[in-house]
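> The residues making up each chain are set out below.
Number of protein chains: 2
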Amino acid sequence: MKIPMNELAAHAGELMERAGVPEPAARRVAETLVSADARNIHSHGVIRLARYIDCIRSGGIRPDAELKIIDEGPAFLRVSANGGLGIPASCETVERLIAKSAAMPLAAASVSHSDHYGAAGYYAMKCAEAGLIGFSMSNTCPLIAVTGAAAAGIGNNPFAYAAPAGKYCAVLFDICMSVVASGKIMLAAADNRPIPEGWILDKHGKPTTDPQAIYDGAIMLPLGGHKGYGLALMVEMLSGVLAGAGTLSGVNSWNTVPGRDADTGHFFMTVNPAFFGGLDNFTARMEKVIEELTSAPRLDGVEKIYYPGELEFISERRAQTEGIELPEGSVSELERAEKLVGA
Amino acid sequence: MKIPMNELAAHAGELMERAGVPEPAARRVAETLVSADARNIHSHGVIRLARYIDCIRSGGIRPDAELKIIDEGPAFLRVSANGGLGIPASCETVERLIAKSAAMPLAAASVSHSDHYGAAGYYAMKCAEAGLIGFSMSNTCPLIAVTGAAAAGIGNNPFAYAAPAGKYCAVLFDICMSVVASGKIMLAAADNRPIPEGWILDKHGKPTTDPQAIYDGAIMLPLGGHKGYGLALMVEMLSGVLAGAGTLSGVNSWNTVPGRDADTGHFFMTVNPAFFGGLDNFTARMEKVIEELTSAPRLDGVEKIYYPGELEFISERRAQTEGIELPEGSVSELERAEKLVGA
Chain A
1 MKIPMNELAA HAGELMERAG VPEPAARRVA ETLVSADARN IHSHGVIRLA RYIDCIRSGG
61 IRPDAELKII DEGPAFLRVS ANGGLGIPAS CETVERLIAK SAAMPLAAAS VSHSDHYGAA
121 GYYAMKCAEA GLIGFSMSNT CPLIAVTGAA AAGIGNNPFA YAAPAGKYCA VLFDICMSVV
181 ASGKIMLAAA DNRPIPEGWI LDKHGKPTTD PQAIYDGAIM LPLGGHKGYG LALMVEMLSG
241 VLAGAGTLSG VNSWNTVPGR DADTGHFFMT VNPAFFGGLD NFTARMEKVI EELTSAPRLD
301 GVEKIYYPGE LEFISERRAQ TEGIELPEGS VSELERAEKL VGA
Chain B
1 MKIPMNELAA HAGELMERAG VPEPAARRVA ETLVSADARN IHSHGVIRLA RYIDCIRSGG
61 IRPDAELKII DEGPAFLRVS ANGGLGIPAS CETVERLIAK SAAMPLAAAS VSHSDHYGAA
121 GYYAMKCAEA GLIGFSMSNT CPLIAVTGAA AAGIGNNPFA YAAPAGKYCA VLFDICMSVV
181 ASGKIMLAAA DNRPIPEGWI LDKHGKPTTD PQAIYDGAIM LPLGGHKGYG LALMVEMLSG
241 VLAGAGTLSG VNSWNTVPGR DADTGHFFMT VNPAFFGGLD NFTARMEKVI EELTSAPRLD
301 GVEKIYYPGE LEFISERRAQ TEGIELPEGS VSELERAEKL VGA
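Same order as they appear, the protein sequences are chains A and B. Heads up: the first sequence at position 87 corresponds to 87 in the working numbering, and the numbers run straight through without jumps. Heads up: the second sequence at position 137 corresponds to 137 in the working numbering, and the numbers run straight through without jumps.
Hint data in this document are derived by calculation from the structure and do not stem from the laboratory. Every value quoted in this text rests on a predicted model; they were computed, and no experiment measured them. There's no promise every hint is true.
As the list makes no split between identical chains, a pair holds if one copy fits it or if it spans any two.
Said to hold, decoys possible - In silico DSS-like cross-links for lysine-lysine, where the CA-CA straight-line distance does not exceed 25 Å: (1) K167 to K203; (2) K339 to K203; (3) K167 to K339; (4) K184 to K304; (5) K68 to K2; (6) K2 to K339.
With these hints in hand, go ahead and build the complete structure from the sequences.
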């Protein structure tokens with residue numbers, strides 16, 4: 001059954017309000033999660049609501065926390081989310097950052113004492129919609145073994161960028177630093193298929209091809225070996241160290257212990273094409289780059305070469321007209337959220 | 001035979017001067033290349049000199065080009081290298097960027113109409129030595145097949161960052177966007193060892209495990225599949241599109257056609273910890289992060305976990321006291337450079 005986007009967002013917002021989240025924070029959480037579902041990134045959609053409510057109920061997230069400005073200037077902003085939800089804190093921070101960015105070649109904002117902030121790409125796209133190149137990143141609790149290690153030592157630290165691209169809307173790129181997302185391993189486990197060596201280590205730090213390990217303490221490996229390690233450290237440095245948030249084991253899991261204070265950090269940055277040859281010139285040149293990339297000769301069996309974000313924009317346009325078909329896991333977590341708040 | 005660093009730099013500088021490169025550009029090229037040799041990155045060391053001279057001789061690089069400032073403000077700088085050598089243009093640009101960065105939370109500089117700029121990490125480290133988080137990136141001619149393509153469509157676009165890290169000197173991370181560097185495939189070819197599937201495509205765009213393909217039009221594959229594609233596009237966007245340099249096939253190879261105008265672009269960026277809690281606080285927190293990362297339980301057979309840049313700093317300290325042992329390929333290219341300029 002397909003649900004219209006605005007209905008799903010209204011329902012998600014209502015659940016957040018019933019959990020004690022005031023406006024406009026409840027609406028911000030709802031819109032951000034529904035945007036991920038619309039872009040077919042259901043892992044970061046309304047499936048998260050029940051867990052946010054678990055954390056609120058057990059004291060790990062303050063539902064009514066207000067953003068605290070620690071320091072700011074014309075081109076920067078340092079805030080604390082004050083132990084509240086990561087999404088409304090990030091939405092408000094990025095709105096303030098975009099306002100500063102109009103008059104600046106570069107600007108950045110850091111957020112400390114925060115929590116799960118949804119899909120990294122959401123905030124980068126807000127910048128692109130404002131005519132800016134936007135970057136968004138967050139640390140997480142340790143999930144990845146760094147090169148040579150037999151234990152999870154650093155987060156899978158999501159990183160996203162987006163930029164305006166004229167008639168192609170934008171480029172939108174959003175990754176985490178592990179070889180594959182855990183969801184892909186869960187699918188292999190369900191199908192009883194072995195996974196390639198190099199995706200994960202088992203809980204003892206030994207290489208394994210057994211997908212069942214994902215349910216028994218598996219440790220993710222970084223993409224491209226030491227390259228993913230270094231990229232994860234870049235994100236840790238900006239969103240943890242520089243932001244004054246928790247770092248490495250100082251960031252608490254948002255999945256395993258609901259009553260914890262996550263102390264997650266985020267970092268957002270903009271580059272303003274108006275200072276580098278002008279926005280129109282930039283988007284015209286981006287269009288040319290996209291056209292050249294996607295018109296390359298294709299591998300056998302490949303029907304189309306996509307630019308980063310294109311698949312998400314196709315899903316989003318369909319969702320806007322046809323509504324969103326939620327996968328089973330999202331539906332059951334949504335029902336669990338409804339029960340938790342008596343809706 | 002080990003050569004003292006200052007002797008090697010003086011010799012390299014003399015060769016550049018004989019090729020028509022004036023001071024201080026000749027010295028800048030020499031110092032940058034020798035720094036790479038000292039850090040054990042011989043692929044970006046004095047091995048490059050002969051090729052730079054080939055390009056100068058055939059009209060592809062203007063040896064006496066002067067940097068042209070296109071636009072600037074308190075936090076940004078746009079320059080053209082005017083068809084000259086990439087290294088002196090980048091050195092001068094980064095010096096100007098660092099001077100601006102002292103008073104700014106963020107700053108950036110773009111370079112157009114440039115050429116090969118040596119090791120990306122060199123410029124990021126200059127920023128770290130000035131107490132800044134530094135980023136450095138450049139596009140290249142197309143070398144990598146983007147996801148789904150059967151031809152090289154985008155450069156392997158080097159990307160580096162560095163940051164001050166107190167008693168650990170710095171973190172320094174410097175990668176290109178292909179799964180492996182071509183040198184690693186050449187070693188496999190020399191040993192007659194097949195390479196893993198997923199490193200390269202042959203010249204027809206077919207997957208191959210034959211390392212000999214590297215000598216016959218092989219196409220590199222991006223690290224982490226679509227993740228490396230997106231990261232390469234990020235670098236292309238900032239150092240090509242935004243900088244007003246050539247993009248994709250508009251960047252000419254510096255290896256195959258010496259008489260060409262490369263029109264390479266670079267992008268440099270700084271984030272100043274003084275605006276985000278202070279430099280001392282930042283380096284103290286970086287030390288803690290490095291200590292936690294490197295003290296993780298290790299895989300069997302792993303003696304030590306390194307932080308990004310640590311191996312390069314160990315090599316560099318050794319080179320400073322013991323001199324540099326150049327590999328055979330560097331020695332023969334150095335001899336070729338000497339012959340070219342009659343030294």
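> Would you mind marking each hint as holding or not holding in the structure?
Hint-by-hint comparison with the structure:
{"no.": "1", "hint": "K167 to K203", "in the structure": "neither (48 Å within a copy, 33 Å between copies)"}
{"no.": "2", "hint": "K339 to K203", "in the structure": "neither (34 Å within a copy, 59 Å between copies)"}
{"no.": "3", "hint": "K167 to K339", "in the structure": "neither (44 Å within a copy, 53 Å between copies)"}
{"no.": "4", "hint": "K184 to K304", "in the structure": "within (23 Å within a copy, 31 Å between copies)"}
{"no.": "5", "hint": "K68 to K2", "in the structure": "neither (39 Å within a copy, 58 Å between copies)"}
{"no.": "6", "hint": "K2 to K339", "in the structure": "within (21 Å within a copy, 73 Å between copies)"}
Violated hints for the displayed structure, listed by number in ascending order: 1, 2, 3 and 5.
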